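Participant: So you can see what is in the structure, the chains are spelled out below.
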Amino acid sequence: DAGVTQSPTHLIKTRGQQVTLRCSPKSGHDTVSWYQQALGQGPQFIFQYYEEEERQRGNFPDRFSGHQFPNYSSELNVNALLLGDSALYLCASSLAAAQETQYFGPGTRLLVL
Amino acid sequence: GQQLNQSPQSMFIQEGEDVSMNCTSSSIFNTWLWYKQDPGEGPVLLIALYKAGELTSNGRLTAQFGITRKDSFLNISASIPSDVGIYFCAGRKSGSARQLTFGSGTQLTVLP
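Going line by line, the protein sequences match chains C and S.
Each residue of the first sequence is one higher than the one before, starting from 1 at the first, in the numbering used here.
Each residue of the second sequence is one higher than the one before, starting from 1001 at the first, in the numbering used here.
Don't read these hints as lab results, they were simulated from the structure.
Please note: incorrect hints may appear among the correct ones.
Partial pick of chain C residues on the chain S-facing surface, computed with a CB cut under 10 Å [what the hints assert, rightly or not]: (1) Q6; (2) Q41; (3) Q48; (4) Y50; (5) R55; (6) G58; (7) L88; (8) Y103; (9) F104; (10) R109.
A quick note: this is a predicted structure, and the numbers were derived from the prediction, not measured.
C-beta: ideal position from N, C-alpha, C; glycine also.
Based on the sequences and whatever the hints tell you, model everything.
Facilitator: Given below as structure tokens:
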């Protein structure tokens, strides 16, 4: 049974560019949450998707947007990249009825130059 | 963004020793969680706590949900080398059921 998978594993972009990160949830999970983890910090909640809609959003600007597909996979898009967007981006999946049990993927390491 | 106050920031202990770390907040949380993160991996859930005063064990790990609902601690007994990693507390607040708020982590090093 495959766990949460994310792609790509690493990515280098320059300021002003746009990036798309992808996440496939654990089999049977219908809810996907995205987190940003800066070096030496804990993850910070970006937003959560359920039934192809954004259900809750953390304190992140509109440059951060997402999408969930009918197969429950999800994308995170970041526009107009800033140096401060360099971080590990984590995807977590869960069942809507079991909010507490979030399973995390290995993350995508984004470096903005 | 708001994070929980987690301490200590790092710990160096001898193999076989017990470890204790804690997490505090000025806000009330309905759920407390403890995760471990290894290099190159995402956080893995260790223990989940749902009720004030609850004490839960998972092998050598024991965690408690503070009675005020504003704190939690994690104990690891008889540490072993594979306990090395970063431990994070996380909480879920009323009205933000879908959002986990994380602490800044405790880096644990176990010396042989």
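Participant: Could you tell me which of the hints above the structure violates, numbers in ascending order?
Facilitator: Failing hints: none at all.
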